[in-house]
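**Q** Counting with mature numbering (1 follows the signal peptide of the UniProt record, and there is no 0), you get residues -20 to -1, 1 to 414 for the letters of the sequence shown.
It is possible that some hints are incorrect.
Straight-line alpha carbon distances no greater than 27 Å define the calculated DSSO-like cross-link-like pairs of lysine-lysine that follow [as the list claims (entries may be wrong)]:
(1) Lys37 to Lys64
(2) Lys299 to Lys341
(3) Lys8 to Lys35
(4) Lys275 to Lys300
Keep in mind the hints are simulated off the structure, nothing from the lab. Only a predicted model underlies this, so the values are computations on that prediction, with no experimental measurement involved.
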Amino acid sequence: MALPCLIICLMLLQSQRILAENYQIPVKIGEKIPNITLKNFMNEPGKEVLFSDLKGKVVIIDFFATWCPSCVAYLPHMNDLKQKFGDKLQILVVTKESEETIIKYSEKYGNIKNNSIPILCNDSVLSKLFPHLSIPHEVWIDTKGVVRGISDAKFVTADNIENLIVNNQLAIPVKNDFFDFDHTQTLSYNLANPKNRPQFLYRSTFTSHYPGVVSLTGSKADSISKTIYFVNNTILSLYSSFIEKDLWAGRVEIEVKDTTRFVAPAELVKINKDWDESNTFCYELTTPASLDRKKIQRLMKGDLDRNFDLTTTIVEKIKKCWVVKISDQRLFNRTILKKEITLGKPKAILIENAPMDKLIKRLNSSDFVNINAPIFIDQTGYNGKIFIEIPVSLFPENNSETNIEPLKKILEQKGLTLVAAKVPLKVFVFRDAQ
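Take these sequences, add in the hints, and give me the full structure.
**A** See the structure below:
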């Protein structure tokens, strides 16, 4: 009976060995490595070692190639670590290259001649157990043969090795070459797939006119990011989102060769309905939720300047203005009411019991960038409250220099007047990029 039992045991052992040799299902972190046979050792023909023979040691499998500069550069470091930890650590350099290839490389460059770590050539097993797309690729195995980590070579340090030897712990990032990522495609293509997609920190998109969609703007935000978007907006409209509103009326200058990119000439509008399609654009910017408004505006300005090939700056220039002064103290309509009212009516703006600067700000305000709007400055020297009603048609979004005289007549009825003057003012200037 003893002989048949022995034969059965030998058959079982042989079958287990065959299974191990053909075991090609990838091994994951937390799983035990199969008891494969390690062979094709460089400079040691015929040598074979079962992986179970390494039990009791921490093993690092270092996937390597001579065409990989980083792999070659890390080899002396690996030798130093092996020398430091002695029999507690076994490093195996594994390559698909032949022994002849490595010998020729060593003879030519000499930078792996002093290597004392075993090199396994012509590998066809370990690379299937631990598939990867890039090297160096490091597999960490504990003293019981359990895979504890898969990492880049930079995490192969004395501290991490000691932690695994002493505490059986390893706290390093996992290198995963096989996310749902198509390496033959662009980043934007892969980001379109929501699976494993990282959170956008910064992103900007710029396109031409979006056919069939009206002009619109909007924003969205959550705890992580915020997004502003513009659909079919003109250049002036896009920039107006961060140009100070005080500059919208009359304080924007366009010093470029082709001004029709900004404003369509009247005759062009009449004969060419395609101006909007050629000169309106879509833009979207995503930033971290914590980013403040000024930084967002700076990012947006940079994007727009690059895309439109422009240089935009705020400079001080001498500008023609209309100075508001008191012309007749008897007519000047002061008020002592307690309640302040600034009210927009269908045909007029009512300013009642409000400071003079409310009138000036309203005269200088606009719902859009109006490069032809007149500029108004207060030189009344009056700090009290006033009462005045002005037709809507005379405000910047509806007027130009041609409306100065009608406005002047209304102001004169209230003891005020307009005087032309030239004063230094902040101006937002567009120029062609050099």
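**Q** Now look at each hint and say whether the structure bears it out.
**A** Tested hints:
no.: 1; hint: Lys37 to Lys64; result: holds (14 Å)
no.: 2; hint: Lys299 to Lys341; result: holds (17 Å)
no.: 3; hint: Lys8 to Lys35; result: holds (18 Å)
no.: 4; hint: Lys275 to Lys300; result: violated (32 Å)
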